[in-house]
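Q: Listed below, chain by chain, are the residues.
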Amino acid sequence: MGELQLPAIDYGALAPMLILFGAACVGVLVEVLTPKKARNAVQLTLALVAVVAALVAVVLQRDTRVTTIGGAVAIDGPSLFLQGSILVLGAVSLLLIGERSIEKGGAFVSQAAITVGSQKDLRQAGGAPGATEVYPLTSFALGGMMLFVAANDLLTMFVALEVFSLPLYLLCALARRRRLLSQEAALKYFLLGSYASAFFLFGVAFIYGFAGGIRLENVQAAVANPQRSQVLLYAGFGLIAIGLLFKAALAPFHVWTPDVYQGAPTPVTAFMAACTKVAAFGALLRILYVAFAGVQWDFQPVLGTIAVLTMFVGAILAVTQTDLKRLLAYSSIANAGYLLVGVLAMNSEGLASTMFYLVAYGFSVLAAFAIISLVRDADGEATHLSRWAGIGRKSPLLAATFTFILLAFAGIPLTSGFMSKFAVFGAAIEGGQTWLVIFGVISSMLLAFPYLRVVVLMWLSEPGETTPAVSIPGFLTATALTLGVLATVALGVIPAPLLDLTEQAGQFVR
Amino acid sequence: MSDFPFLSVLTLLPLVGAAVVAFIPRTKAQLAKIVALAWSLIVLGLSAVMWAAYTIDGERFQFHESYAWIPSWDARFTFAADGIALVMLMLIAVLFPIVILASWNDVDQSRRSAPAYFALLLSFEFTMIGVFAAADIFLFYVFFEIMLIPMYFIIGSFGTGQKQYAAVKFFLYSLVGGLFMLASVIGLWVVAGHTFDFTKLVEATGSVDTGTARWLFLGFFVAFAIKAPFFPFHTWLPDSGGAAPAGAAALLVGVMDKVGTFGILRYCLSLFPEASRWFAPAAMALAVIGIIYASLLAVGQNDLKRLVSYTSIAHFGFIGIGIFAFTTQAGTGAVLYMVNHGLATGLLFLVVGMFVARRGSALVSDFGGAGKLVPVLAGVLFFAGLASLALPGTAPFVSEFLVLLGTFSTHKGYAVVATLGIILAAAYVLWMIQRTTQGTLNPALTEVPAMQKDLSLREKFVVAPLILLIVVLGFYPKPVTDVINPAVQATLQDVGATDPAPVVAADGKAGG
Numbered sequence: 001m002g003e004l005q006l007p008a009i010d011y012g013a014l015a016p017m018l019i020l021f022g023a024a025c026v027g028v029l030v031e032v033l034t035p036k037k038a039r040n041a042v043q044l045t046l047a048l049v050a051v052v053a054a055l056v057a058v059v060l061q062r063d064t065r066v067t068t069i070g071g072a073v074a075i076d077g078p079s080l081f082l083q084g085s086i087l088v089l090g091a092v093s094l095l096l097i098g099e100r101s102i103e104k105g106g107a108f109v110s111q112a113a114i115t116v117g118s119q120k121d122l123r124q125a126g127g128a129p130g131a132t133e134v135y136p137l138t139s140f141a142l143g144g145m146m147l148f149v150a151a152n153d154l155l156t157m158f159v160a161l162e163v164f165s166l167p168l169y170l171l172c173a174l175a176r177r178r179r180l181l182s183q184e185a186a187l188k189y190f191l192l193g194s195y196a197s198a199f200f201l202f203g204v205a206f207i208y209g210f211a212g213g214i215r216l217e218n219v220q221a222a223v224a225n226p227q228r229s230q231v232l233l234y235a236g237f238g239l240i241a242i243g244l245l246f247k248a249a250l251a252p253f254h255v256w257t258p259d260v261y262q263g264a265p266t267p268v269t270a271f272m273a274a275c276t277k278v279a280a281f282g283a284l285l286r287i288l289y290v291a292f293a294g295v296q297w298d299f300q301p302v303l304g305t306i307a308v309l310t311m312f313v314g315a316i317l318a319v320t321q322t323d324l325k326r327l328l329a330y331s332s333i334a335n336a337g338y339l340l341v342g343v344l345a346m347n348s349e350g351l352a353s354t355m356f357y358l359v360a361y362g363f364s365v366l367a368a369f370a371i372i373s374l375v376r377d378a379d380g381e382a383t384h385l386s387r388w389a390g391i392g393r394k395s396p397l398l399a400a401t402f403t404f405i406l407l408a409f410a411g412i413p414l415t416s417g418f419m420s421k422f423a424v425f426g427a428a429i430e431g432g433q434t435w436l437v438i439f440g441v442i443s444s445m446l447l448a449f450p451y452l453r454v455v456v457l458m459w460l461s462e463p464g465e466t467t468p469a470v471s472i473p474g475f476l477t478a479t480a481l482t483l484g485v486l487a488t489v490a491l492g493v494i495p496a497p498l499l500d501l502t503e504q505a506g507q508f509v510r
Numbered sequence: 001m002s003d004f005p006f007l008s009v010l011t012l013l014p015l016v017g018a019a020v021v022a023f024i025p026r027t028k029a030q031l032a033k034i035v036a037l038a039w040s041l042i043v044l045g046l047s048a049v050m051w052a053a054y055t056i057d058g059e060r061f062q063f064h065e066s067y068a069w070i071p072s073w074d075a076r077f078t079f080a081a082d083g084i085a086l087v088m089l090m091l092i093a094v095l096f097p098i099v100i101l102a103s104w105n106d107v108d109q110s111r112r113s114a115p116a117y118f119a120l121l122l123s124f125e126f127t128m129i130g131v132f133a134a135a136d137i138f139l140f141y142v143f144f145e146i147m148l149i150p151m152y153f154i155i156g157s158f159g160t161g162q163k164q165y166a167a168v169k170f171f172l173y174s175l176v177g178g179l180f181m182l183a184s185v186i187g188l189w190v191v192a193g194h195t196f197d198f199t200k201l202v203e204a205t206g207s208v209d210t211g212t213a214r215w216l217f218l219g220f221f222v223a224f225a226i227k228a229p230f231f232p233f234h235t236w237l238p239d240s241g242g243a244a245p246a247g248a249a250a251l252l253v254g255v256m257d258k259v260g261t262f263g264i265l266r267y268c269l270s271l272f273p274e275a276s277r278w279f280a281p282a283a284m285a286l287a288v289i290g291i292i293y294a295s296l297l298a299v300g301q302n303d304l305k306r307l308v309s310y311t312s313i314a315h316f317g318f319i320g321i322g323i324f325a326f327t328t329q330a331g332t333g334a335v336l337y338m339v340n341h342g343l344a345t346g347l348l349f350l351v352v353g354m355f356v357a358r359r360g361s362a363l364v365s366d367f368g369g370a371g372k373l374v375p376v377l378a379g380v381l382f383f384a385g386l387a388s389l390a391l392p393g394t395a396p397f398v399s400e401f402l403v404l405l406g407t408f409s410t411h412k413g414y415a416v417v418a419t420l421g422i423i424l425a426a427a428y429v430l431w432m433i434q435r436t437t438q439g440t441l442n443p444a445l446t447e448v449p450a451m452q453k454d455l456s457l458r459e460k461f462v463v464a465p466l467i468l469l470i471v472v473l474g475f476y477p478k479p480v481t482d483v484i485n486p487a488v489q490a491t492l493q494d495v496g497a498t499d500p501a502p503v504v505a506a507d508g509k510a511g512g
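If you're matching them up, the sequences are chains D and B in order.
First residue of the first sequence? That's 1 in the numbering used here, and the numbers climb one at a time after it.
First residue of the second sequence? That's 1 in the numbering used here, and the numbers climb one at a time after it.
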């Protein structure tokens, strides 16, 4: 065995990820080194500065098209665009995570290990400052997501999957209120997520057996010119797909979503709904468009069926929900279905429209959860639908904002939701998947109903005795909410700049 | 032709007005009303100038404006108006100040914020003008969808009775239609090679294969048929019309529903000529069923506002057969009917609204002999009723006559059955008038103080312009038909329909 040759590393191309991972490690040290009082401010600043620095690095790299570290990471148009989106959405999420003024001590528990309901626990629920580990955890998750969308071989992808999933499992368990629900959500997410990872890894093994390599270009070459049994290919592809479909919350692998979205602290839910979705679909795009494009005729009908199933499961079950966070969870499942419609177009429009959709949806969903975090009573957030009755009378501005976001989810014109739906449906018809668009349109009609029900409840019902007061948003939440709403308006009225950007970014390196 | 950007200014003007009115504090209700009225009068003034600037023998789409919007989809802010759109824009401009004046006191009773109501009315005017002025199909779709929002809140927040149910039903029905149209719009965009420009689309659809064109046509047709509303997609209208405040209901049937028939004329016929001819028999059949069915239901209605809604569905049946008869006479009649129906049914809704506001009930059985208490108001109701049943001398007569004449030359059977609708119309109108204003005085009426007050000066200003217009256009419709005629001819040329030989020479086998 000869001398081990280290592959060439393009540090410039990797800079955005290195910045975040570095900042996350520094964040761990900050936990030890800074006094407790200053910790929150320092950590938040550190995380935000890191995200902004990484974003600057992404922008500086905008013309880079390389594979590096021996082909393990591909920095190309889609990865840079998706990394940029993850960072922008991540920055907004960090603002929500950093909010400490709406509830005393913030949305996070200070010590998660204390037994729920014990004297100590009740004392800390009263206002002990929330855990500041959330910032390094979030930075790690963001870094992992960025690696996930840029991974050019299946093992790197697996590593990235674990790097961003593990912090998320932990973050889910840290809710200050309703801690049992939160811990249950975390456990559920962890167990199911581990299964999904195992499936993914098993699939990688099959594909290695089929292609004799794990780099996506090896797989692509093997698909084009198979040397070994196709059974290995289909088994491997199926198992890998399960892993990715789980992360993207596509039916029938969506069952964790409502429970986890409901149980997790609301800023974390927003973070998952916006950023995890970008990461999961980013990886799905790369796997399908780069590695397995040669067998698209085989998987298109299967994944198409999954898309239809997802849209309908999300739309129909959203109708029956009585909890707003669960309603938004099912709505996010349905939206994952629409995203898959865009992915399955399997053309450059499909790639561009899916990326547009991810950004547009990310901003809207961040705004939606920011609003939910504002409506609260003595026991924390009032997420039950009945509690929102007549809130339009008490807080017209909040209700108007939420109505606008719901209209965006329903795909009404002059919102980003309409433009993104139009883009993915157009791409799908262009790609010959008209049947998906027809089912997409039918499910959109169903999905309009739950949104409308919330609007009716807010404006047309009389406020009850129990209608909670709306908190004045703190500076951070107000900024996040404003950004989310502004993006939803802007992308609905003048989508051209972002559309152009997605089209310019629409080329994978192989 | 002037270079002034008429259509974009006309579209944006009410939106600015809505924003201004919305920011007036709710305690200054009177100010909000005055600003809203003044603003709608400015819009009317601008439309009048535009009407004067329109060249009758000029090109088909005038006041053409186009601004870049989404280059990668070739969607543009393109505005242009043909004769059909122009008369509809004029109708909108005329009706809005009247409705605002008519709604003067509506909001005071519902303890809701008056500025919000008038801001919603003005934003509704914005969407209405936009939908008729748009000449880019993407822009048209955008207006087609967002016009639901102000009306949804008007019905839901300021309506009466089952307002929530009606508002949601209204929204969902229209949204379902809109989504069918969305599928067709996307399909059209793909087959036409990524463009939304109307004239480019007309060229492109010429080479689309028949099957695809028919599917695309159906997507559009369903959306427009729900909006219009044609039988069997009409069931949302009686609920919405019944629950909406009277002024908004007048706009609902007077203006908004016309988007459906306008869309059929502009988009279904011009873009899919073959599919339109293929579907015409079915559309005519639906229209005729709609006339008879809705008239029969109107006869049996006890709720005044629902009754007027049903009469409106019947009238849309006439517009429907006029469109699909494919003769210039019938087509002109149909477009003229769209205008006249807006005036006549708008008036009817407003007068009924005045009755309902006085009595505090919309049930026919709660009235009786009201003419003895409020003779002038009863007289106006009588006039509105006669206009609605198309009595000669009123404007609707001209249009109904043209529709039936034009239809008769090509589709005798449909014309004959549709004529039965006229008889039923006489039945429901006269019955309604008889049971509300004639006969012995219902003693309960005398106990309602508001029933003792006849038309106020404000209400006279509401009804007078409409009565005047109905009479003038009844005797002298030429200014309107001159504008409509070339546009209808151009549309029929798109469909490839030729007029049958003059009626005198008709041998009964013409057309088909």
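Just so you know, these hints were derived from the structure itself, not from any lab.
Note that beta-carbon positions come from the ideal geometry of N, C-alpha and C, so glycine has one too.
Keep in mind that a hint or two might mislead.
Residues of chain D clear of chain B, computed beta-carbon distances all greater than 12 Å [claimed, not checked]:
1) 104
2) 235
3) 396
4) 460
Straight-line alpha carbon distances no greater than 30 Å define the calculated BS3-like cross-link-like pairs of lysine-lysine that follow [to be verified]:
5) D:120 x D:188
6) D:37 x D:120
7) D:120 x D:36
8) B:28 x D:394
9) D:394 x D:104
10) B:169 x D:394
Q: Each hint: holds or not?
A: Structure-based check of all given hints:
Distance check for residue 104 (chain D) against chain B: the nearest CB is about 35 Å away, which clears 12 Å, and the non-interface claim stands. The claim that residue 235 (chain D) is not at the interface with chain B holds, since no C-beta of that chain comes within 12 Å of its own (minimum 36 Å). Taking the minimum C-beta to C-beta distance to chain B, about 9 Å, the non-interface status of residue 396 (chain D) is violated against the 12 Å cut. A beta-carbon of chain B is positioned within 12 Å of the beta-carbon of residue 460 (chain D); the least distance is around 5 Å.
A C-alpha spacing of about 26 Å is found between residue 120 (chain D) and residue 188 (chain D), which places the hinted pair at or below 30 Å, so the restraint holds. Our distance criterion of 30 Å between C-alpha atoms is met by residue 37 (chain D) and residue 120 (chain D), whose separation comes to about 20 Å. Only pairs whose Cα atoms come within 30 Å are accepted, and residue 120 (chain D) paired with residue 36 (chain D) is accepted, the gap being roughly 19 Å. Note on residue 28 (chain B) and residue 394 (chain D): the hinted pairing holds, with a Cα-Cα distance of about 20 Å set against a maximum of 30 Å.
Taking the CA atoms of residue 394 (chain D) and residue 104 (chain D), the gap is near 23 Å; set against the 30 Å cutoff, the hint holds. Under the criterion of a C-alpha separation no larger than 30 Å, the hint pairing residue 169 (chain B) with residue 394 (chain D) is consistent with the structure, at around 26 Å.
Consistency with the previously given hints fails for numbers 3 and 4, ordered from lowest to highest.
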